[in-house]
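Number of protein chains: 6
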Amino acid sequence: MSVSLHSILPKQLYTGRKRRVMRALYAGRFQPFHLGHLEILKKILTEHYEVVILVGSAQLSHTLENPFTAGERIQMITETIDEEKISKRVYIIPIDDINRHSVWVTHVESLTPSFDVVFSNEPLTVRLFKEAGHAVKQTELMNRSKWSGTEIRRRMLNDEAWEECVPSSVARVIKEIDGVSRIKELSESDKIK
Amino acid sequence: MSVSLHSILPKQLYTGRKRRVMRALYAGRFQPFHLGHLEILKKILTEHYEVVILVGSAQLSHTLENPFTAGERIQMITETIDEEKISKRVYIIPIDDINRHSVWVTHVESLTPSFDVVFSNEPLTVRLFKEAGHAVKQTELMNRSKWSGTEIRRRMLNDEAWEECVPSSVARVIKEIDGVSRIKELSESDKIK
Amino acid sequence: MSVSLHSILPKQLYTGRKRRVMRALYAGRFQPFHLGHLEILKKILTEHYEVVILVGSAQLSHTLENPFTAGERIQMITETIDEEKISKRVYIIPIDDINRHSVWVTHVESLTPSFDVVFSNEPLTVRLFKEAGHAVKQTELMNRSKWSGTEIRRRMLNDEAWEECVPSSVARVIKEIDGVSRIKELSESDKIK
Amino acid sequence: MSVSLHSILPKQLYTGRKRRVMRALYAGRFQPFHLGHLEILKKILTEHYEVVILVGSAQLSHTLENPFTAGERIQMITETIDEEKISKRVYIIPIDDINRHSVWVTHVESLTPSFDVVFSNEPLTVRLFKEAGHAVKQTELMNRSKWSGTEIRRRMLNDEAWEECVPSSVARVIKEIDGVSRIKELSESDKIK
Amino acid sequence: MSVSLHSILPKQLYTGRKRRVMRALYAGRFQPFHLGHLEILKKILTEHYEVVILVGSAQLSHTLENPFTAGERIQMITETIDEEKISKRVYIIPIDDINRHSVWVTHVESLTPSFDVVFSNEPLTVRLFKEAGHAVKQTELMNRSKWSGTEIRRRMLNDEAWEECVPSSVARVIKEIDGVSRIKELSESDKIK
Amino acid sequence: MSVSLHSILPKQLYTGRKRRVMRALYAGRFQPFHLGHLEILKKILTEHYEVVILVGSAQLSHTLENPFTAGERIQMITETIDEEKISKRVYIIPIDDINRHSVWVTHVESLTPSFDVVFSNEPLTVRLFKEAGHAVKQTELMNRSKWSGTEIRRRMLNDEAWEECVPSSVARVIKEIDGVSRIKELSESDKIK
Chain A
1 MSVSLHSILP KQLYTGRKRR VMRALYAGRF QPFHLGHLEI LKKILTEHYE
51 VVILVGSAQL SHTLENPFTA GERIQMITET IDEEKISKRV YIIPIDDINR
101 HSVWVTHVES LTPSFDVVFS NEPLTVRLFK EAGHAVKQTE LMNRSKWSGT
151 EIRRRMLNDE AWEECVPSSV ARVIKEIDGV SRIKELSESD KIK
Chain B
1 MSVSLHSILP KQLYTGRKRR VMRALYAGRF QPFHLGHLEI LKKILTEHYE
51 VVILVGSAQL SHTLENPFTA GERIQMITET IDEEKISKRV YIIPIDDINR
101 HSVWVTHVES LTPSFDVVFS NEPLTVRLFK EAGHAVKQTE LMNRSKWSGT
151 EIRRRMLNDE AWEECVPSSV ARVIKEIDGV SRIKELSESD KIK
Chain C
1 MSVSLHSILP KQLYTGRKRR VMRALYAGRF QPFHLGHLEI LKKILTEHYE
51 VVILVGSAQL SHTLENPFTA GERIQMITET IDEEKISKRV YIIPIDDINR
101 HSVWVTHVES LTPSFDVVFS NEPLTVRLFK EAGHAVKQTE LMNRSKWSGT
151 EIRRRMLNDE AWEECVPSSV ARVIKEIDGV SRIKELSESD KIK
Chain D
1 MSVSLHSILP KQLYTGRKRR VMRALYAGRF QPFHLGHLEI LKKILTEHYE
51 VVILVGSAQL SHTLENPFTA GERIQMITET IDEEKISKRV YIIPIDDINR
101 HSVWVTHVES LTPSFDVVFS NEPLTVRLFK EAGHAVKQTE LMNRSKWSGT
151 EIRRRMLNDE AWEECVPSSV ARVIKEIDGV SRIKELSESD KIK
Chain E
1 MSVSLHSILP KQLYTGRKRR VMRALYAGRF QPFHLGHLEI LKKILTEHYE
51 VVILVGSAQL SHTLENPFTA GERIQMITET IDEEKISKRV YIIPIDDINR
101 HSVWVTHVES LTPSFDVVFS NEPLTVRLFK EAGHAVKQTE LMNRSKWSGT
151 EIRRRMLNDE AWEECVPSSV ARVIKEIDGV SRIKELSESD KIK
Chain F
1 MSVSLHSILP KQLYTGRKRR VMRALYAGRF QPFHLGHLEI LKKILTEHYE
51 VVILVGSAQL SHTLENPFTA GERIQMITET IDEEKISKRV YIIPIDDINR
101 HSVWVTHVES LTPSFDVVFS NEPLTVRLFK EAGHAVKQTE LMNRSKWSGT
151 EIRRRMLNDE AWEECVPSSV ARVIKEIDGV SRIKELSESD KIK
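Residue numbers (the working numbering), protein chains in the order written: chain A, 1 to 193; chain B, 1 to 193; chain C, 1 to 193; chain D, 1 to 193; chain E, 1 to 193; chain F, 1 to 193.
Since the hints were made in silico from the structure, they are not lab data.
The beta carbon of each residue, even a glycine, is placed where N, CA and C say it ideally should be.
Watch out, some of these pointers could steer you wrong.
Residues on chain F that point at chain C, a partial pick, calculated with CB under 7 Å [what the hints assert, rightly or not]:
| # | residue |
| --- | --- |
| 1 | S102 |
| 2 | V103 |
| 3 | T106 |
| 4 | S110 |
| 5 | Q138 |
Stretches of chain B that chain D covers, calculated by requiring three or more beta carbons in the stretch to come under 8 Å of a beta carbon on chain D [stated by the list, open to error]:
| # | stretch |
| --- | --- |
| 6 | 39-46 |
| 7 | 53-67 |
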């Protein structure tokens, strides 16, 4: 899994202006960044020279659905792509939700370098980019019994094996920030109120 | 100027956890990214393994002081560091101003990977990071008659030579987005009102 | 249904200052504007010289509950009142929700021309205007099996007849913006996550 | 000046879809709405079937530059166009500034019915609509010694004749809300601090 | 219950700098302030010289979960502590939720006098203060069949005895603002939609 | 100056409901809280049973005009009124500016206990409360060569005697937070840019 992807990419793409035509945007919340995300990222990189990873809902953290801060998620991704030796071709941009879907795509465009195609599985994201005239490709869902944020957070809550669902760098970051305790404590909210 | 900096960096730093200790934050508005910024960035990279470039006042654009969007500024930086072959070790994070200085550093921390030292010349930025307990280094001001955002924007307005103040990639981006016309048209605001 | 309402209105009301006393505010979300809304609007116009239509939750769009942008809803209303020949006496003001109910009425007052009575069926809207000292009238709910936003959106999702629930201008606008596809795509959100 | 403009407009324009092609957007702050604005509005209506008046900086009021609330400005405009018998063909939409110029046009589009051409004299507004691909026409500045918001507010502060610069309905509204006292009291701010 | 607590407090604590070391923060939403809150407040005051009451979710009001404005809640508390003769040692600070949990504690710190320990029962509040390095004590839940906001609001809705759950001053304030009618009217929202 | 004001207040005022009629609101920015503010506060307390101190522009800090956070300003005030033995009758509420003057008074009302009269010297504050129907009294400006925020901040910048302009508790707080260095460092902003 630590093979460099540089060799896979056709040489002729990396020539001046052409390269920009080959930049993809990959949008997700990455709560946390798991092996399914990594697979998709690597696939995208076989066909596009660069990828802008959009870390969505950047303002959210410390909830059961969104336990990690954008900074923590970015740390997970940077350590993983560094280990995978693909960091040179990846940009990572945190983007807040805004309470106005109708301007969200323009908001994204104003905070990212230009891109040519969008990868996402979230129906709202897909629809908004389509209505704004972007090419959108839905990403394949793979191995959902393990590679799913919901499943991983469920395992953390129930002391089941979650490390096998994420890259080793991500497991390390989550341990350093004491992420499992955080999720467990937050789950108490539903019991009192 | 297009020499890779990888050779300069002592090997032993790039070993697991150690590496994280050597990450620097470099904060600026980059309106536009000029040769002075590039010099500082390269200096920082000789002493730190990675740099997080904080593109500040990310929400601002289309004013005389802040003509370019965060996305345009990120495009300027990504094309430059790619040409300079230092992109592998650079992260670029856009950060909005928030109207509450007292929480700004915490806001930055929640949107970036961890960092060990901050580089900035802006007194407010310096003060806020210091009060929050961060190590802060002021960057050296070099060649101010050319390498200054104010000076470059002034030259653009007056049809003087501005291309010599910025990396060639930046000049190319500014031409593509018709940046000089934008600045000239915005300057009309002061005349009417 | 395309009869002008001007003849119905007593002449003596339309004399200078008096007229202002007869302005009503009609608040709703209009997702979409349907025949029930049109009936109420026409009834209000028989007793008040002018109506300010408040298009509430203006910031919302692209959700199952709130599929249409404020602009699209305003377009639906303007084309309908034009066809009905009542546009001269109707103002349309979009108003965002604000996350502070206690100042919402003051917020509305600062964005609309003055008004004398409020028409609404939404309990929160009714309560807030009452506490602020406004006269409030609840609108009659008519023909709820057809004239209800919830019902119309349900029909769109299930390919049932929805056109008969809205003015023909509204049906035309919804087709132009491809509104039914939008709702169907957004409904996918519940399935993945 | 109180002649209906309906007769001026070529009949063939008002036929179904065609009509929408002829809608203009007229953007301004209207602090206050003066005779220059009215002249421009009437000119636009000779060539376009409908006008959407964008009341900009809607959130501002109670400052020397922006003394009137959006609601008060809308009241000024509605009373004037009613007197001028052109209300049937005019929509009035208040729009807040947002601290992100790069998404402002999309924001406007999501809150207004569709439009085909923009009229404005404000360089930033002109530039933003142009960059977003809209047709923009600059409005002619007429009779600036009287028909200018700055001049009118100056006259109010100095007890000079300001009523001759605005439609009589506007003068009436300003008197009702005690607008001149408001401006005078606010001007005290500069003296203390 | 109206005994002054001053006598209970060890004298030596109230001497210059020492005193500041003994300030506690007590966080809650207080919808409404009930006898359980009062018991906790009095307990805290036996061990700390001063208490800062944080009135959380200050922006919320007029919902079934959060019926009262921050001002109304502050009025409830001030009248109660005045009757209890403990007002001298209590500060009351309203704090809005912010949609960014990661900066919330810093936000609180920037709006309150310094404090040494935090009392709360809300898991998210507890977690956030802990992660920020504060000492946190969970408050004991007492007499939950009566002393609970949820229970009190339920009783109000169903015309059951709620006055016995709150200090008499609070009951008086709620009657003055017609609080029970407000809750009942808001409960209609679920029925229509 | 450390005499308790309790004796001055007529007994009969402090009887149940009557007391509420005598609550004053005293609005300011208190950058910092100085001897002029204290004099006014004490005067108000001779005629009103309680005072709500509104700490305005609460979100601002770390600028030359607004160097101190709301929390720091509240700390200055609480330590002073404690020393003056008037804390029992004083509430302190921080209030953010909102970028919508037209709703600001309603915003204040929703965050404070009820009040009967407003004391302020700021023309905008005075005007807004008046238009909302509140009784407003302008405070007397005393000893402006010493008792003025502008003057005190100027003295701090120039190493002149500023301690004589503020209560001793305030001088102590400013020293603890290293306030003079903060102002000096922030003043560097004007020199670079």
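Hints, one by one, checked against the model:
The closest approach between the C-beta of S102 of chain F and any C-beta of chain C is roughly 4 Å, which is under the 7 Å cut-off, so the hint is satisfied. A distance limit of 7 Å between C-beta atoms decides the matter here; for V103 of chain F the minimum to chain C is near 5 Å, and the interface restraint holds. With a least beta-carbon distance of about 4 Å to chain C, the hint placing T106 of chain F at the interface is held under the 7 Å criterion. The beta carbon of S110 of chain F comes within 4 Å of a beta carbon in chain C, closer than 7 Å, and the hint placing it at the interface holds.
Annotation: interface hint on Q138 of chain F violated; nearest CB of chain C at approximately 24 Å, more than 7 Å. With 0 residues carrying a beta carbon less than 8 Å from a beta carbon of chain D, the stretch 39-46 of chain B misses the three-residue requirement, and the given coverage is violated. With 5 residues having a Cβ less than 8 Å from any Cβ of chain D, the stretch 53-67 of chain B passes the three-residue criterion, so the hint holds.
Going through the hint list in order, the structure does not satisfy hints 5 and 6.
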